[in-house]
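Asker: Just need the whole structure built from these sequences, with the hints factored in.
Using numbering that gives the first Met the number 0, the letters of the sequence shown map in sequence onto residues 0 to 87.
There may be inaccurate statements among the hints.
Claimed, not checked - Only pairs whose alpha carbons sit at most 27 Å apart, straight line, appear in this in silico DSSO-like list of lysine-lysine:
#	residue 1	residue 2
1	K57	K21
2	K21	K9
3	K9	K57
To be verified - Between beta-carbon pairs, the in silico distance windows are:
#	residue 1	residue 2	range
4	M43	T87	48 to 54 Å
5	L10	R69	37 to 43 Å
6	I39	I82	29 to 35 Å
7	P44	N85	47 to 53 Å
8	T87	K21	56 to 62 Å
9	E78	D26	26 to 32 Å
10	S1	E30	21 to 27 Å
11	I38	I76	17 to 23 Å
12	P77	E30	28 to 34 Å
Derived by calculation from the structure, the hints in this document are not laboratory data. Cβ atoms here follow ideal geometry from the backbone N, Cα and C, with glycine treated the same way.
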Amino acid sequence: MSFTLFSYTKLQALNLAENLRKLMYSDTAREDLRKQEIIIVEVMPTNIRSIQSKDNDKFMVGFDMRLRLRDPYGDDIPEMDSIEFNET
0 MSFTLFSYTK LQALNLAENL RKLMYSDTAR EDLRKQEIII VEVMPTNIRS
50 IQSKDNDKFM VGFDMRLRLR DPYGDDIPEM DSIEFNET
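Answerer: As structure tokens, then:
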């Protein structure tokens with residue numbers, strides 16, 4: 000999942016992105032996502048996403064996340080209680 004934040008100043012864009020990124024590490028956010036069967040696997044560092052141009056009056060900063068989702072429509076696979084080996 001990718002997040003990109005826009006602002007008129009570079010510093011504000013960096014602060015917004017970093018604050019949102021830190022929020023993803025909070026226990027509340029992780030618990031809320033876990034209730035929806037979503038696990039945060041990785042939160043990547045923030046990076047500048049603005050395109051350098053003299054006409055550009057907005058700054059873009061963002062970060063990416065890797066999530067693990069449970070497929071509610073997947074097949075139920077029974078658990079194995081034990082495995083027997085036969086040596087011949």
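Asker: Failing hints, ascending?
Answerer: When the structure is compared with the hints, none of them turns out to be violated.
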